[in-house]
Structure formats: structure tokens, C-alpha cells
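Listed below are the residues making up each chain.
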Amino acid sequence: MRQTYGKLLPGMRLSDLSGKLIVIEGTDGAGLTTQINLLKPWLEELGHAVLDTGMTRSRLAGEGIRRAKEGNNLGHLTQSLFYATDFIDRLENEIVPALRAGFIVLTDRYIYSLMARAIIRGMDSSWIRSIYSVALKPDAVYYLRIGIDQLLPRVVFSRRFDYWESGMDVYPGHDMYDSFCKYQAALLAEFDNLSKEYKFETVDASADEDVLCDHLKKRILGILEPTPAQTLVSDTHSELFETFTKRVLGNLFPATSNGEVPAANAMELSSSALITHAGSNGRGA
Amino acid sequence: MEITSSIHIGPFEIFYPLKPAVSPVQHYGKGNYPGRLFIVEGIDGSGKSTQLSLLHKWLESKGYGVVFSEWNSSPLVKDTTRLGKKKKLLTPATFSLIHSTDFADRTERSILPLLKAGAVVLCDRYIYTAFARDVARGMDREWVRGLYGFAVKPTVAFYFRVPLETAIGRVVGARDGFKFYEAGLDLGLTADPEDSFRMFQGRIIEEYEKMIPEFGLTTIDATLPVEAQQGQVRQIVQSHLENAKI
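First to last, the sequence lines map onto chains A and B.
Each residue of the first sequence is one higher than the one before, starting from 1 at the first, in our numbering.
Each residue of the second sequence is one higher than the one before, starting from 1001 at the first, in our numbering.
Calculated from the structure, these hints are not laboratory results.
All C-beta atoms in this analysis are idealised placements derived from N, C-alpha and C, irrespective of residue type, glycine included.
Hints may be right or wrong, so weigh each one.
Label pairs and their calculated CB-CB ranges [said to hold, decoys possible]: (1) A:D210 - B:N1032: 51 to 61 Å; (2) B:R1141 - A:M1: 21 to 31 Å; (3) A:L14 - B:G1202: 28 to 38 Å; (4) A:Q3 - B:R1141: 15 to 25 Å; (5) A:L8 - B:V1172: 33 to 43 Å; (6) A:R13 - B:E1242: 47 to 57 Å.
Take a look, some chain B residues computed to stay more than 12 Å from chain A by CB distance [stated by the list, open to error]: (7) W1058; (8) Y1064; (9) G1065; (10) W1071; (11) D1105; (12) K1116; (13) G1118; (14) R1145; (15) G1149; (16) G1169; (17) G1177; (18) G1216; (19) V1237; (20) H1240; (21) E1242.
Pulled out of the complex, with its shape left as it was, chain B reads as follows:
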């Protein structure tokens, strides 16, 4: 940090920067880093994690330095999130803030430095998950977008689009019961977890659909066979890897 000013207070000469350091909020989003950032988005049951994992293996086999970062996984923050969910302490506002805190930690300590170092960073869920969920919970659309103003813009943001019923069919058989916040039961839409899940995911899809043009999300038809989707993803990723550093 550059020292730009000195003042005298009593017997002491004090140095401090008149202007704050470059703000991460203005800085990260517009940064042009040597690495590449590919992220996947979609509702539960859209198959996005499967696709990302296949992409991960392929990139590694091609010799790239690949790093994976998952939503809600900061070692500093995730215990607090878990406490909030377990004890049902979270309101729409604190749900939003604790997830942004988690994301901030991963951005500061992992995503950003790795991109600067030239890595290929893969994220399972990104800021669009927060925009969709938080707005579905009633948070102000602009406020939530502002909150994440520090995020690095992805090289490509894939949105795995799937009809609600298809996704629910995949999810219902695969897990026993829905968790409180996952099903949006905190919104009190209905007492039945599966109905609540359906209504909540429906709202989330509406938000995703609005974000496709707003943020230029790359849509993949998630009803296609896994292999066909992966072929499209790899082709798009490939086109962004020319001149990649590592």
C-alpha cells in the first residue's frame, strides 16, 4: 500500500494512505487474468456436477493445471452456514450474506490467486446460484447483485437447462427426503417438503431464465444424453483455451 500522506498528532507523526487501496469491488470483476474460469449453473438434478466432473478429468488428461471450487465450501465460513441451517437461524438476508461471505473467502484465497497464476478454475455453482436463490427468497434483485460486485467474471458460465419435472424425477429417487432450506421450507409456501421443493425450484428456474440474456449464460440442453452435453461443453471450453498459460 502506498503511503501518500503524513499528519502530525501530538508528538507523533502519522502516515496513512489518503486513498484506500484499489477496491476489490471495482477490480476483480474487470480483471483480465491469464487463467480461465469455467462455471456451471442449474437447478438440483440438472446434471451440472456430473458434467463438470467429466470436464475436470478431460482437462487434467490434457495437462492443464485445473482447480475445482465448490459452492459453500470455505473452511473459514462453512461451519457458520452449517450452524445456521441446522438450527434454522437463517433468514433470507442472512442466508444471502453468509453465502456471499463463503464465496468471498474462496475468491480471495483461491479463485483469484489461481487465475492470476494462470490456472483453469472450475466452479460448481457461482454467483448466479445466489442471485436465483436469494431473489426467490424475496431479496432485492439489485441489492444481491451489488453484494457480489467483487466476483470475477467467468470465461464461460454454463447453464444446464432442464424442465422442472425431469429434474425432480432425478432428485426424488436419489435422496431420502429434502432438507429444510434446500426445499425452501423457510418460505412457508407449503408444509409438504416435496411440494415446497417443486415451488421453490420453479421460482429459481424463472430467475435463471431472466439471467440468460442479462449475463450471457451459455445454455446447454440438459435433457440430452450425458455424452452429447459433454461434447458441447468440451468444444466450447476448448475454444477458450488457446493461449492459456498452464
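With the rest of the complex left out, here is chain A:
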């Protein structure tokens, strides 16, 4: 059965979370989002229903965090807790319902980035661990590791220096380059600590993105059970879609589904099932 890191939130049942929780972790610019954008359609072609999620995407706190970061008055403690609020909202209202419906959840960072950022900002490491003790243990954590000397060209040629990615709130200095180097080095050191403790699978993120993706695909296949769709030969778009919806239905309604429900109905059913789960998970009716 699925486990948490120690504490259980009220109303959270762990018994039937049959999906897979796959975490892509790493520092800014390591290519996490690129990999998730490649992995999601690949998994869907294989017939898996996929939810992708990431930091500040919660309905509750995403906008509030973005607004708070526009100003110059977001303190380190407040920042750490605001992100925790965002994470728990997504855990309860997106991740858990999706796992219950048999989805593969691909998450762009997880509690490890949140802990690393908080620790660098002076938060007590046992304090931040205790807050995230309510998080689910994932099925896999792929840590996309990239050194600063490989990261800098990416910043120069595409991303450019960003106030928060440069940790200007932690290492205020004359310019973002100095802050960036200090901040990313501190993050890397913290990630290396967490990597040992939480047994990350470290992947060299300085490699070409397709090479990296092929590697991740192999590793992910290792933790997934083969799907019926993988054994079918689908050479048209509509066949692929039908296979996909059958697979979703099979996961949601294993007892009643015989794979013959029309596709339009299938989509309706799958979304209403998710809403029901979210409702039973603590939201008001």
C-alpha cells in the first residue's frame, strides 16, 4: 500500500491509490519541463492517463504566490509556507484523486525542491521535513542533475537571469550573476544531501534532451505494468483515441467496463469520476 512520510492528512485514504507517482526533480534550467512535455504524450500513446502538475499551479495559492513574488516583501518563512499551501492543495485535489483513478502523475518537482529552497533560506531542516511528512512517497524520483558550468550557457542563451532563480532574495549583491552562482551552488549541495536521504535516481541532465528522454523512458517502463494498448497495433488517430479511452475506463470502472462505451460518454464519465473524488476529499459540496 502507498505510504506517506509519516503523518496522514484528515480524510486521506491510502488503500486504493493505484496510479503511479513519478517525480522529476532538479534545479532551475535542468530541463525538467522539457522532459515532462516529451514524456506525457509518450505515456498517453502507450495508453496511460496522465496528470502533470508542478509548483504554483494550485487553484488556491498559485495566483497568490505569483502576486507575492512581484513585490519586494515576501519573507523567507512566508515563502516556504505559501509554497507548502500550494503543494498540499495540489496533493489533495489533483494528485490523490488522479492516483485513485489509476492515472500516472508526472510532477515537475515535488517536496524535495520545496525543502531545498526552504533550507537554503535558513529554515530548520527538521521543521520543513515535519511539514512535508504528510506527502505521499512517490514510485520514482528522477533527479536531473546539472552542474553550474553546464547550466550557465543555458541561462546565457535562452533563459536569462531571473530574480528568484538567481536567489537574489537570499544572496543580494551587485548583480544577478554572482547571486545565481552562489544560489545554484547552495541548491546543488542541498539536493545532493537530499538525494542520499531519499534515494533519488540521479540522471545526467547535461546530456542531449533526446538521449535524456530515452533514458527516462526506459526507467519509467521498468516501473509500469504493460497496458492492453501496448499490445494493439494502432495506426490511425481514432484508433489511438479509442484505445486511450478504453484504458481510462478500464481503470475507473473495472467492474462495469467492457470497453464498448462510446468515446464521448467515456470522457464525460472520467471527468465526473474525478469530481466525485475531489468532493469526497474534503471540499464543500
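Once you have looked at the hints, place chain B on chain A.
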């Protein structure tokens, strides 16, 4: 922040602190600041806000630098809390976390620096409100206490103790209807707002009662006349103001 280490990565020499800065979690709670922190706690209708406001006026008239901070009032966070309440997005866990975020902002930006500067800080509700409400909503008692580990310990924490029915009598006439979370309707105890409010406040009182010995709350009998309560409060506050800086 002190630079304690340097490492070389490729052509770059990187400096970063090996040890994180002093943790607020270990730091604020044990701090001995020149200011004074007086806070009031109690259920809705206990009269605590009235008492705090009278104390505020008295301290100002005596020439102290007094600052008031209210629960759930951080300019950075309160819009998110309002959204969560309005759209009923909050679960017991996110209800707890968003309130702790609000409190963190007020601690970092207002309560702590003011105490360091020697001010008298007055708070209408403090961490004990969160402990009572969050545990009444089913959150783990230890987890919630840990969450607020960064809070500054108050000089005096007043608990205005009042029987449930007295408080409800004061509240029911004074407002039209109960709000969803205020009445604990999110817990689904019962559909009737007033019944739900009664049950929820009952649970909160139980939690407060347990906290009196745990945190050494100073209990005031909130059934006494307003003037009598204020007399007790002022006397206690006075005894903690000797040697106050401002």
C-alpha cells in the same frame, strides 16, 4: 550571512554558506526581545476583542509605542484566504497552512521587528486559535504545533473563558447568519449553520481547555462585567511593563 566555504566548479569559484543561517524556527520562539507581546484568545463572543481594544487605548494614553495585529490580516496572504473561503476550496490541511502563511508574514514583517525595536505588540488571536481550530478540524495535534514552531512566545496570553451558551447568545443576535468555515460547516457535522456553529465551538473550547496548562494561558472569567475584566487585564499587563523600553 557569513561565507564559510568556497568550492571550485569549472572555471568558477563558488562561495556559499555551509551552514544555513540561524533558523527562525529555533530562533524566534526562544528570543528575548526588548518589546512586550500581549495576545488574547477565546471563542467568538467571548469579548476578547473588546478587552484588547480597551487595553490598547490605555497603553497609548500611558505613552507606550503600541502596535495591533489581527489574525488573518497579512496584505500578502489574505486575498488567497478569502478566495479559499469564498470558493470553499479549503480542506482542514490547506485551511491550516494558509493561516500559518498569513501568521508567518505578520511575524516576519511586523511582530518580530517591532518587538526587537521595543514596542508593545497586541495580537487579537494568536497560534492558540490555530491549534484549537485546526485540531477541531481533525489535523494532527503535534503537526500543527510544529508548523507554528517559529512563533514568538507571548509575554502574556490571555484566555477569555466563557460558557458556550453565553457566547452563542452574544453572537447570534449580533450578526445575520454564520459563514461556512466560521460555523465549521466544512466538517459536515450537521446542515444547520447554528447547530454546526455550536458543535464546532464546543470542540474548540475543549482544545482551549487542554491548552491552559500546556501553554500557561492566563484565564480571565469572561462572564464578569467588562470593567472588572479590564481591571484584571491592566493589572497583569502593568506588572510586565516595568523596564519596557518604549
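Going down the list of hints, with the structure as the test:
Distance hint for D210 (chain A) and N1032 (chain B): a CB-CB separation of about 59 Å, consistent with the stated range 51 to 61 Å. The hinted range of 21 to 31 Å is satisfied by R1141 (chain B) and M1 (chain A), whose Cβ atoms lie roughly 25 Å apart. As the Cβ distance of L14 (chain A) to G1202 (chain B) is approximately 31 Å, the hint placing it in 28 to 38 Å holds. Between Q3 (chain A) and R1141 (chain B) the Cβ separation comes to about 21 Å, which falls inside the hinted range of 15 to 25 Å.
Restraint check, L8 (chain A) to V1172 (chain B): a C-beta distance of roughly 36 Å satisfies the suggested window 33 to 43 Å. The hinted range of 47 to 57 Å is satisfied by R13 (chain A) and E1242 (chain B), whose Cβ atoms lie roughly 56 Å apart. Its beta-carbon lying about 32 Å from the closest one in chain A, W1058 (chain B) satisfies the requirement of being farther than 12 Å from that chain. No beta-carbon of chain A comes within 12 Å of the beta-carbon of Y1064 (chain B); the shortest separation is about 26 Å.
Against the 12 Å criterion, G1065 (chain B) stays outside the reach of chain A, whose nearest CB is about 22 Å from its own CB. The claim that W1071 (chain B) is not at the interface with chain A holds, since no C-beta of that chain comes within 12 Å of its own (minimum 15 Å). With a closest Cβ-Cβ approach of about 4 Å to chain A, D1105 (chain B) is found to fall inside the 12 Å limit, against its non-interface label. For K1116 (chain B), the condition that its CB be more than 12 Å from all CB atoms of chain A holds, with the nearest at approximately 15 Å.
Every Cβ of chain A is farther than 12 Å from the Cβ of G1118 (chain B); the closest lies at roughly 21 Å, confirming the non-interface assignment. Remark: the non-interface label on R1145 (chain B) conflicts with the geometry, its nearest Cβ contact in chain A lying 10 Å away (cut-off 12 Å). Once the 12 Å rule is applied to beta carbons, G1149 (chain B) is inconsistent with being away from chain A; the minimum gap is 6 Å. Every CB of chain A is more than 12 Å from the CB of G1169 (chain B) (nearest about 28 Å), matching its label as outside the interface.
Separation of G1177 (chain B) from chain A is adequate, the least Cβ-Cβ distance of about 16 Å exceeding the 12 Å criterion. The Cβ of G1216 (chain B) lies farther than 12 Å from every Cβ of chain A, with a closest approach of about 23 Å, so its non-interface assignment holds. Listed as a non-interface residue, V1237 (chain B) keeps its Cβ farther than 12 Å from every Cβ of chain A; the least gap is roughly 28 Å. The non-interface label for H1240 (chain B) is consistent with chain A: the shortest C-beta to C-beta separation is roughly 26 Å, beyond 12 Å.
Taking the minimum C-beta to C-beta distance to chain A, about 32 Å, the non-interface status of E1242 (chain B) holds against the 12 Å cut.
In the structure shown, a violation is registered for the earlier hints numbered 11, 14, 15, in ascending order.
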